[in-house]
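Whole structure, please, built from the sequences with the hints as guidance.
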Amino acid sequence: MSLASVVADYLRKMGGTTPGGPPRVGREEVIWSWIGAFIGIGAVGWLDQHFLTGTDLTLMLGSLGASAVLLFGTPRSPLAQPRNLIGGHALSALVGVASWQLLQAEPWLAQAVAVATAIALMHLTRTLHPPGGATALIAVIGSAQIHALGFLYVLIPATLGPLILLVVALVVNNIPRTRRYPEFWY
Amino acid sequence: MASMTTNSTTATEDAAPDADAVPELELADADILDAMRHIPGYLDITTADFRIIYHLAHAHAVARLFHGLTAGRLMRTGITGLPPATPLGAAARSFVEQGVKTLPVIDPDGRVLGVLTETDVLRQLGAASFLELLLQLLDGDGTLGDRGQDTATSAMMTTPAVTVTEHAGLREIMTAFRRHAGRGMPVVDAQGRCSGLLLRKDFLTACHLDESQ
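Chains as they are written, first to last, in numbering that gives the first Met the number 0: chain Y, 0 to 185; chain C, 0 to 212.
Bear in mind the hints are in silico, worked out from the structure with no lab data behind them.
Glycine included, every Cβ here is placed at the ideal spot set by N, Cα and C.
Negatives, chain C to chain Y, calculated, CB over 10 Å:
id, residue
1, Glu25
2, Leu26
3, His59
4, Val95
5, Gly147
6, Glu165
7, Gly168
8, Arg170
9, Phe176
10, Gly191
11, Asp201
12, Leu203
13, Cys206
Covered stretches of chain C, as calculated for chain Y (at least 3 residues, CB under 8 Å):
id, segment
14, 30 to 37
15, 40 to 52
Put into structure tokens, the structure is as follows:
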């Protein structure tokens, strides 16, 4: 195989295989995605605001926004299932805190190691959940308050926050006739 | 890749189908997108990935459903073949006694020399079908007795016979039945000896998965 054809094949891959993505969902789906995400993020934020303000703890986490996309925007996706949601966040948080504690002298390295290792670990444990990468990264780039939590970050907020979203997803995603959640638990 | 497969199939339409004896539909993007529109909710899968999964799953399902569907399992045993010297009259009696319309012609070692069908016998008697023979008899044609009742089987048989081995699976059997018009064919063992007769109707019944389950 000549070099030219290898390069040509390589470049052809960049053209994609599919004319456009999946079709746009119906209006009812959009409305239920909105309602689910509103209640889910609202619940986490409300609890955070009413019970944890003034403490060293926090429930709200940027990566929960991404989890809400999966849980309420693509509830059928394997990435959005309970095992992935909880496992992905918890394992990634663990990796993130460890990366910060071991490599904080080189922040860029700690960040890269945290996200890359989180992905690898989620793959190996079949818990791949994209927001987990953000949870790992936040453990490194987070505020002094986050860093001060140490490994408590794994439980609060990185496990408790997703758990609240899970409860809301179970309640809301099973209301519409056209939805059900989860596809599998474990 | 998909279009290449289609082209090569068209170009060599007489060649034995080596890959897809069980026809597999080539799904267009439009087909998959239409199906996705029937499913409420966002499916995070591309049409290309769906097609790959479909092809692999189809191949797996075919392998699962037709596993163990071999000529050796479907064939009828206890069939007595015809020695090549058998005269027409005795051969015809053998068809009637065994209730089949095809019989293997075998040498003393059991090897398949050819195949004799009812049609071969009828042709020797000067008719293309039983109905034609019947009409000739009704018309008072008295020449039937003079039409080579003593003709040896070896002079009437089709040779070489299309056979399958005991291990032949779905694809090989389909290919073999496509190569000749008979209702049955001899099944041979590794040494080429006749071990049974595979009837087309038995094969089709086995392929009819809906009813067998």
